[in-house]
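Visitor: Chain X is already provided as a structure; the job is to place chain L on it using the hints.
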Amino acid sequence: MSLPLDGVRVLDLAQVYAGPTATRLLADLGADVIKIEGLKRMDITRNFVMPENDSSDDYWNKSGYFLLRNGGKRSLTLDFSEESGGAGIEIVKKLAAHCDIVVESFTPHVMHKLGIDYEALKQIRPDVIMISLSGYGQNGPWRDFSAYGMGLEPASGISSLTGYEGGDPLRTGISFTDPYSGIVGAGAVLAALVYRRRTGKGQYIDLSEQEAAIPVTGYATMDYAMNKRAPKRMGNRSLWQAPQGVYRCAGEDNWLAVTIRDDEEWTAFAKAVGHSEWGSDPRFADVKGRFANHDEIDALMEGWTSTRDHIEAMHELQAAGVLAAAVLNPKQVLLDPHLKERGFFDRVQTVQKDERLIPHQIGAKFSEFEPNTARRAPKLGEHNREILGGLLGMGEDEIAKLEENKVIGDEPISAVPLPVMRMFVQWPLTSYLNMGALGGIEKDYREQLGIAQEKTEGEAK
Amino acid sequence: MPELALDGIRVVDLSQGIAGPYATKLLADLGAEVIKVEPPSGDYTRQLGPFPGDVPDPDKSGLFIHLNGNKKSVTLDIESEDGRAALAKLIGTADVFVESETPSRMADLDLHYNDLKAAYPDLVYASVTPFGQTGPYAKYKGNSLAAMALSGLMYITGDPDKAPLVTGGEPAEYFGALHAWVSILAALEHRGQHGGGQHVDVSWLEALGSADEYNTPMYSYLGAIRKRFYSRHHIPTFPSEIYPCRDGHIVVIGGATGFPLLMAILLEQPELEDNPLFQNLWLRTIEWKEFEAILRPYLMDHDWVDLLTRAQELRVPFAAVLNPETLLGNEHLQERGYFAEIEQPGVGKLPMSGNLFRMSETPLRHGPAPALGEQNADIVSEAAR
Chain X
1 MSLPLDGVRV
11 LDLAQVYAGP
21 TATRLLADLG
31 ADVIKIEGLK
41 RMDITRNFVM
51 PENDSSDDYW
61 NKSGYFLLRN
71 GGKRSLTLDF
81 SEESGGAGIE
91 IVKKLAAHCD
101 IVVESFTPHV
111 MHKLGIDYEA
121 LKQIRPDVIM
131 ISLSGYGQNG
141 PWRDFSAYGM
151 GLEPASGISS
161 LTGYEGGDPL
171 RTGISFTDPY
181 SGIVGAGAVL
191 AALVYRRRTG
201 KGQYIDLSEQ
211 EAAIPVTGYA
221 TMDYAMNKRA
231 PKRMGNRSLW
241 QAPQGVYRCA
251 GEDNWLAVTI
261 RDDEEWTAFA
271 KAVGHSEWGS
281 DPRFADVKGR
291 FANHDEIDAL
301 MEGWTSTRDH
311 IEAMHELQAA
321 GVLAAAVLNP
331 KQVLLDPHLK
341 ERGFFDRVQT
351 VQKDERLIPH
361 QIGAKFSEFE
371 PNTARRAPKL
381 GEHNREILGG
391 LLGMGEDEIA
401 KLEENKVIGD
411 EPISAVPLPV
421 MRMFVQWPLT
431 SYLNMGALGG
441 IEKDYREQLG
451 IAQEKTEGEA
461 K
Chain L
1001 MPELALDGIR
1011 VVDLSQGIAG
1021 PYATKLLADL
1031 GAEVIKVEPP
1041 SGDYTRQLGP
1051 FPGDVPDPDK
1061 SGLFIHLNGN
1071 KKSVTLDIES
1081 EDGRAALAKL
1091 IGTADVFVES
1101 ETPSRMADLD
1111 LHYNDLKAAY
1121 PDLVYASVTP
1131 FGQTGPYAKY
1141 KGNSLAAMAL
1151 SGLMYITGDP
1161 DKAPLVTGGE
1171 PAEYFGALHA
1181 WVSILAALEH
1191 RGQHGGGQHV
1201 DVSWLEALGS
1211 ADEYNTPMYS
1221 YLGAIRKRFY
1231 SRHHIPTFPS
1241 EIYPCRDGHI
1251 VVIGGATGFP
1261 LLMAILLEQP
1271 ELEDNPLFQN
1281 LWLRTIEWKE
1291 FEAILRPYLM
1301 DHDWVDLLTR
1311 AQELRVPFAA
1321 VLNPETLLGN
1331 EHLQERGYFA
1341 EIEQPGVGKL
1351 PMSGNLFRMS
1361 ETPLRHGPAP
1371 ALGEQNADIV
1381 SEAAR
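Heads up: the protein sequence lines correspond to chains X and L, in order.
To convert, note that position 292 of the first sequence is 292 in the numbering used here; the numbers rise steadily by one, no gaps.
To convert, note that position 235 of the second sequence is 1235 in the numbering used here; the numbers rise steadily by one, no gaps.
Next comes chain X alone, as it looks inside the complex (with noise of 0.2 angstroms):
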């Protein structure tokens, strides 16, 4: 089948969230994306997310989180480090003769330190389009501050919307303005090769996580620029509809959310809970009645929805016409039968051969292709002789002094003993469940998700 990114070939230079989010999106469109990583300077997502919580053996070979950022990229180890006499990035240069797309997320003035900053490597590559993530983007007063994924949703304004009421601001559960800047990434980069089809010509891109992600604020923003009114914190509910809220539901933790979008949808909700006197009851009649009303009509749906499961209440409340959704757990999320017959999940077969559901990175659907996502994540090294000797065409006693001198390797050189590794990259699940951080361990969790546990023959420890 025919990809939109055949024959593109993407030197990948970035790590953790939001850069390999973008590149897993051009992986998935047929991009072929070659991720570099140093023995001492591993992908930090590559520590996260073990089977079954065991950090034994090649540990990073098996993370989840990285899986869902990585598969489908092949791996090349080098070291840019200073003692390693810069033969990593003769290595770079090399590369990126053969690269239509660099993508990098290091500190402001990294590439440049290194020697391959855009103008570098435009002298290699003329039409090579180069894109840098960074927190806070190549100039400006903050563009050399030290930027974690975590703090950049607040630092987009999002989180001063996010919160209850009253309340302190919020991060979302996730770090949001990862994956929401790697998919703008993705799509600047995509911007650059449409130009470059028509023109023959590359460019150099810089995208700041924080300013990507500014645009959610668009409302607000708007609002303090016209009116100078600062957003309040509203938990739940709408600014423009009432009423609007998560319900709690009968069982452990199950939870609704709805909003009653005009006056036709509040009299289908009461009629279908069997209350129509509140949708005749005048001080409900319209959107200014029930904002105003809002706690007491609260306090009226959660006494229906409280006897109700969650998930039969959105049906039931779909059906009725109402909008209505159940507020799912990871778990239900993998169960969810709307999702499973979009064919959102991928059976991806992981290095060791057993099979993990997988979210799709792409919201979408082609008609005329399908992206290649259901592949697994390369391991550490993975592709080091089949990219220098093949594509590279190195000689085996040139491959095999860089792995004499560590430059490349399968194995992390890591700045702490690797056993105390193993303790950061094994979680303490019981103490995080007795917290109430987490809302159950299952050891069934194969069979309800229906994945296959078994090792193949060999392989088995």
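Don't read these hints as lab results, they were simulated from the structure.
This structure is a prediction, so every number in the text was calculated from the model and none was measured.
Warning: the hint list may mix true and false statements.
[Said to hold, decoys possible] Below are the DSBU-like pairs computed for lysine-lysine, each with C-alpha atoms no more than 30 angstroms apart in a straight line:
hint, chain 1, residue 1, chain 2, residue 2
1, L, K1089, X, K228
2, X, K288, L, K1162
3, X, K94, X, K40
4, X, K443, L, K1139
5, X, K232, L, K1349
6, X, K443, X, K353
7, X, K271, L, K1162
[To be verified] To spell it out: a stretch of chain L is covered by chain X in this simulated footprint if at least three of its residues, at any positions, have a beta carbon under 8 angstroms from a beta carbon of chain X; those stretches are:
hint, segment
8, 1084-1096
9, 1103-1110
10, 1131-1137
Here a beta-carbon is modelled for each residue, glycine too, at the ideal position from N, C-alpha and C.
Guide: Just chain L, lined up with the frame of chain X:
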């Protein structure tokens, strides 16, 4: 005038709301000609405000302006046969068509992709809806709240003793927009490389669901169900939290190198370097209340700029908690030229959000949003030619 990345691309956009319009706004900023087809009453975001002085006016809605800069507006009544015929003709001039109707509605109007592809084989036709074109929830009513609930992201956002919390700003619509934009560009590249258009079926739910950092993997890899706990991470990063300080809020992140020494220096209590809560990550994560009992009083005695500046001098990745006022006044964003000033007729100067990224050869463009039906005469006379 510089070249624009999407010069020569024409988009006809029937979508309303945030997701579809923001996707085509990104195309317009990149240089595509976007013809927004509105019902005679206008895109419903024209009613949502905010309005200058809170006086409703469909041509002055801040949200509408934010989402529709650089576009042309024509009104067509697709309830009428003439309106549908005019739309079909307009679509015939386009590289890209975008719609956000409830699935099956376009088929009822004889304007589904399958009705058009024989006549317009090179057309990229994108449908942008909450749950996609197929599957049991395809016709369910949806909004950002519902998509966030079903994606699993709401379950892990908020406090454990309170209801799960939605992220502000309608994030599922914006995620849907980005995935629609990327998918349209991918389909254009597919057409460029292999020829032919296609139908792109975008689901906000799947767009937001793809932002699943490690929620479903924690179940699919080890049977653990992530749950909201003050929106805190389960990956070992505590603290990475927003805390109140003397004059607002600050994001306290220790990062890879902050503990124990640099955080002790920052809090001006050198003895904390030897405190087990500073030395042991897991202990700090589990005994988080004891850790916060040390941290919070210090923060309440200091201002966020001071905390941010001193932390960053030590390369500890604290971050600011900005809001609309401090975003618009932020010196970093100002020096970067993030907000682009536009002149919106009838409103005056407004800061458009803005330079989403900088392209060295093909800069983004910024312009006002159209009045309802502003280009009716132009487009009608073009159609008559």
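Visitor: Against this structure, judge whether each hint is valid.
Guide: Hint check:
For the given pair, K1089 (chain L) sits about 44 angstroms from K228 (chain X) by alpha-carbon distance, which is inconsistent with the 30 angstroms threshold. Annotation: proposed proximity of K288 (chain X) to K1162 (chain L) holds, straight-line Cα distance about 26 angstroms (limit 30 angstroms). As the CA atoms of K94 (chain X) and K40 (chain X) are separated by approximately 22 angstroms, the hinted pair is consistent with the 30 angstroms bound. Simply put, K443 (chain X) and K1139 (chain L) have alpha-carbon atoms about 36 angstroms apart, too far for the 30 angstroms limit, and the pair is violated.
At roughly 25 angstroms between alpha-carbon atoms, K232 (chain X) and K1349 (chain L) fall within 30 angstroms of each other, so this suggested pair holds. Restraint check for K443 (chain X) and K353 (chain X): the C-alpha separation of about 19 angstroms stays at or below 30 angstroms, so the hint holds. Restraint check: the Cα-Cα separation between K271 (chain X) and K1162 (chain L) comes to about 28 angstroms, which is no more than 30 angstroms; the hinted pair holds. Counting residues of the segment 1084-1096 of chain L whose CB falls under 8 angstroms from any CB of chain X gives 0; the rule of at least 3 is not met.
A count of 0 residues in the segment 1103-1110 of chain L with a Cβ less than 8 angstroms from any Cβ of chain X is obtained; the coverage claim is therefore unmet, three being the minimum. Judged by the Cβ-Cβ criterion of 8 angstroms, the segment 1131-1137 of chain L is covered by chain X as claimed, because 7 of its residues qualify and three suffice.
Hint compliance for this structure: hints 1, 4, 8 and 9 are not met, and every other hint is.
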